[in-house]
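Participant: Okay, here's what each chain looks like letter by letter:
There are 2 protein chains.
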Amino acid sequence: MPELRKDPIIGRWVIISTERKKRPFDYPHVPLDDKNGASCPFCQGNESKTPPEIIALRNPETKPNTPGWWVRVVPNKFPALQIEGQLDRRAEGMFDVMSGIGAHEVIIETPDHTKELPDLEDKNLEDVIWTYRDRSVDLRKDSRFRYILIFKNKGGEAGASLAHAHSQLIATPIVPKRVVEEMEGGKAHYDLKERCIFCDIIRQEIEENMRVACENENFITIEPFAPRFPFETWILPKVHESDFTRIQKHSAASLAQILKLTLKKMNKILNNPPYNFIIHTSDCQSPFLPHYHWHIEIIPRLVKHAGFEWGSGFYINPTPPEEAAKFLKEAEL
Amino acid sequence: MPELRKDPIIGRWVIISTERKKRPFDYPHVPLDDKNGASCPFCQGNESKTPPEIIALRNPETKPNTPGWWVRVVPNKFPALQIEGQLDRRAEGMFDVMSGIGAHEVIIETPDHTKELPDLEDKNLEDVIWTYRDRSVDLRKDSRFRYILIFKNKGGEAGASLAHAHSQLIATPIVPKRVVEEMEGGKAHYDLKERCIFCDIIRQEIEENMRVACENENFITIEPFAPRFPFETWILPKVHESDFTRIQKHSAASLAQILKLTLKKMNKILNNPPYNFIIHTSDCQSPFLPHYHWHIEIIPRLVKHAGFEWGSGFYINPTPPEEAAKFLKEAEL
Chain A
1 MPELRKDPII GRWVIISTER KKRPFDYPHV PLDDKNGASC PFCQGNESKT
51 PPEIIALRNP ETKPNTPGWW VRVVPNKFPA LQIEGQLDRR AEGMFDVMSG
101 IGAHEVIIET PDHTKELPDL EDKNLEDVIW TYRDRSVDLR KDSRFRYILI
151 FKNKGGEAGA SLAHAHSQLI ATPIVPKRVV EEMEGGKAHY DLKERCIFCD
201 IIRQEIEENM RVACENENFI TIEPFAPRFP FETWILPKVH ESDFTRIQKH
251 SAASLAQILK LTLKKMNKIL NNPPYNFIIH TSDCQSPFLP HYHWHIEIIP
301 RLVKHAGFEW GSGFYINPTP PEEAAKFLKE AEL
Chain B
1 MPELRKDPII GRWVIISTER KKRPFDYPHV PLDDKNGASC PFCQGNESKT
51 PPEIIALRNP ETKPNTPGWW VRVVPNKFPA LQIEGQLDRR AEGMFDVMSG
101 IGAHEVIIET PDHTKELPDL EDKNLEDVIW TYRDRSVDLR KDSRFRYILI
151 FKNKGGEAGA SLAHAHSQLI ATPIVPKRVV EEMEGGKAHY DLKERCIFCD
201 IIRQEIEENM RVACENENFI TIEPFAPRFP FETWILPKVH ESDFTRIQKH
251 SAASLAQILK LTLKKMNKIL NNPPYNFIIH TSDCQSPFLP HYHWHIEIIP
301 RLVKHAGFEW GSGFYINPTP PEEAAKFLKE AEL
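Chains as they are written, first to last, in my numbering: chain A, 1 to 333; chain B, 1 to 333.
Mixed in with the good hints, there may be bad ones.
Pairs count within a copy or across copies, as identical chains cannot be separated in the list.
Stated by the list, open to error - Here are the simulated PhoX-like cross-link-like pairs (lysine-lysine), alpha carbons at most 20 Å apart as the crow flies:
id, residue 1, residue 2
1, K177, K187
2, K177, K6
3, K260, K329
4, K115, K326
These are calculated hints, taken from the structure and not from any lab test.
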């Protein structure tokens, strides 16, 4: 019997359609066409093929825009938003519009073209996470920005145009709609209960232990109760914190460890799927919120979504999260 | 300079990123693999390959589940929801869940495997629309259902699994989230202005004449001001009406005409793209609303959306709607 489940945070109902359920390897996918490895702009030695670097973690004896780095941040060559200018909020008749001001940066996660994020040494992955934090802290100083969106597209089907391991950051003058909805849902719960809804979820998930994929000292990886997508996966800090940038050094190491473990498990059971992840955190203007809880959402791209799902916001998911969690938990690496 | 635009109905901001803009034919796509034309379950003569028909428009001298029909409605062989049973709303700890009760039907638009929806004779297309209405009216009588969702997936990339022209209907015990958001946005506008926001949009679009693709006596086709997708297209009745099922016969003919024209224009300039359309209408419990306005949303599937767009609800659209409207308006058929 299919089931309708409600996302407790934003109130979206999802169909868990077990009649259509597939086992993990039933989801086929093709790797990103990677013709240009030799001339890859993200490879060591090709630094001149990108715009000049913003920052890099590099051997102190080396110069910017030369080899010797292990994490490198550059402006996106084809930015979705433009850094210079004023917001110029205005009306067009009944419509609202503003200039597309923002930052669009690329975090190159390794100089090595053959490595994926979960192949990195723990320390290197921690440095990537710390770089996310550093860039966020820096960009927040720009009062035009309301939100710092950090995400990764892995594989052509997930929207990546280059195979070399990288993630992206977009600083925007608006707060993304999904995050606003999460905040509103969290606020409604907090107003009623005086508790963070994410903290409540974490407590229930640990008690029930049906949708937990893995955990460590500081973080937990769960399959959410009402996932839109098969193997949709969230990583949350166990202790309440709304603001990703307040992460501490030892906690960043812990996050690197669980992110690596989660991605390795996912790669194992889903055969290296294309995926996206995105960091959901509080907005620049009100970073400290008792009702919001930062987290990472990981979406493996396993199914072609029909337009009715785009058009209605109503999703059909063939894989129950309990089953996905079991596969992930038991994955042998 | 890219631009941020706000959808006036649900308040979602969208990036119109002109730097990345593509001309219509830059969007490649592949046709649906149609191996099984001969054994297609939707073809005339293969009626036994589907579950028994619910209704059909057919020659009165012919029997159900035999040839002689021109529009045929059957239950989906792999339904996302199940028709029998009670809703059984319940809690699972802090979570909400109910049984996946609903109807899932297929409207076969023609017995001819080689025809697409816009190839149909006007009268046949009108009958398809009238069938949408008839099935909606019938299913609304079931008090378990809150919403009747009618949509079409055309082409494999749009989620279709069969090439033969068909659309689908899902009756659900919930109102889809996007529709709820539209209703809430419409209500807020109405509370302030005592006018329907969709009626306001139609008036402004007709006056400005920058985003109108075509119109006829009863309907208008526009590119919305803040489209998530290139060539996202809406068809709206010009006179206020919240409930699709109240469509009159002459108005259904008018809708058939503009739907056919719009799809033909889209096929012409986008080279027969995969697409989805979905009818947004009021819910079963409150069909007559001064603040809601039924419409059809058409989404050609031209771009691979990155997960950050799924994850954030924040879209980057490389094609300004003014340009899309110009292409559509000028398309020579």
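Participant: Please go over all the hints and tell whether each is borne out by the structure.
Facilitator: Going down the list of hints, with the structure as the test:
no.	hint	verdict
1	K177 <-> K187	both (15 Å within a copy, 19 Å between copies)
2	K177 <-> K6	both (18 Å within a copy, 11 Å between copies)
3	K260 <-> K329	within (14 Å within a copy, 51 Å between copies)
4	K115 <-> K326	neither (28 Å within a copy, 46 Å between copies)
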